[in-house]
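> Sequence:
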Amino acid sequence: MLLKTLALSPVLVPQALWTMARASRLPEAAGPRAGRTGAGPPLRLLILGDSSAAGVGAGHQSEALSGHLAGALARDHAVTWRLEAASGATVKTTRRRIAAMEAEDCDAVLIALGVNDTKNGVSAHRWSSGYRALLGDIQRRFGSPRIAVSGVPDLGVFPLLPQPLRSVLGARSRALDGLLREIVQDTPEAHYVPMDFTPDPATMAADGFHPGPAIYAAWAARAAEVLTPAR
Numbered sequence: 001m002l003l004k005t006l007a008l009s010p011v012l013v014p015q016a017l018w019t020m021a022r023a024s025r026l027p028e029a030a031g032p033r034a035g036r037t038g039a040g041p042p043l044r045l046l047i048l049g050d051s052s053a054a055g056v057g058a059g060h061q062s063e064a065l066s067g068h069l070a071g072a073l074a075r076d077h078a079v080t081w082r083l084e085a086a087s088g089a090t091v092k093t094t095r096r097r098i099a100a101m102e103a104e105d106c107d108a109v110l111i112a113l114g115v116n117d118t119k120n121g122v123s124a125h126r127w128s129s130g131y132r133a134l135l136g137d138i139q140r141r142f143g144s145p146r147i148a149v150s151g152v153p154d155l156g157v158f159p160l161l162p163q164p165l166r167s168v169l170g171a172r173s174r175a176l177d178g179l180l181r182e183i184v185q186d187t188p189e190a191h192y193v194p195m196d197f198t199p200d201p202a203t204m205a206a207d208g209f210h211p212g213p214a215i216y217a218a219w220a221a222r223a224a225e226v227l228t229p230a231r
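Numbering-wise (the numbering used here), the sequence shown opens with residue 1 and increments by one.
Any given hint could be a false lead.
[As the list claims (entries may be wrong)] For lysine to aspartate or glutamate, the following DMTMM-like pairs were computed, each having C-alpha atoms within a straight-line distance of at most 25 Å: (1) K92 to E189; (2) K119 to E225; (3) K92 to D76; (4) K92 to D186; (5) K119 to D196.
If you're looking for bench data, these hints aren't it; they were derived computationally from the structure.
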């Protein structure tokens, strides 16, 4: 993979710069990043991640991952939720963010990371060791919550990406996702959430790179299935 990437670098570099410029045009979703909703047994929810967790592609947090997930869990619980996410976030930067947060008990945590590690060329070893450390950080600082681990989307099917960049990033994202599945199998508190949504332009953001509200809703429904304590 490395030799292939180097051979294609005269083509990949300008394609990558163009892609990042286009994908960075959309803002993170507006609206509150913490709140309470629902009734029933209490459930404390923390959402960690990158631009998708931050709701890029949705106009408001109510239409983004946080809003849909809090709403899904609120059908059976009084949910207190908090969003800690930023565009460009990686496993490394998220670990730093957690270290700066005040320790508190949570019942459920959703992680949405991987795309930036993919495009940044993070090695398999760094990805695996970093993600395992991230899960350890979460367990220590937030009271061993249930963790929904969002898979790494297959960038090889993203409509925005031109060839050959699409093929290269697709192979990288699939490799990291395979390692992520292994990590989850070794972590009892973690549950894998597949990100195999069809990248239909009608359900994606205008940039062709981020999810739209419909995908956020489907993603939240899958995550709620593994984060609901009774299940």
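> Each hint: holds or not?
Taking the hints in turn, this is what the structure says about them:
1. K92 to E189: Holds, because 21 Å separates the two Cα atoms, which is no more than 25 Å.
2. K119 to E225: Measuring from Cα to Cα gives roughly 29 Å; hence the hint is violated.
3. K92 to D76: 34 Å, violated
4. K92 to D186: 20 Å, holds
5. K119 to D196: 18 Å, holds
In this structure, the earlier hints numbered 2 and 3 are contradicted, and the remaining ones agree with it.
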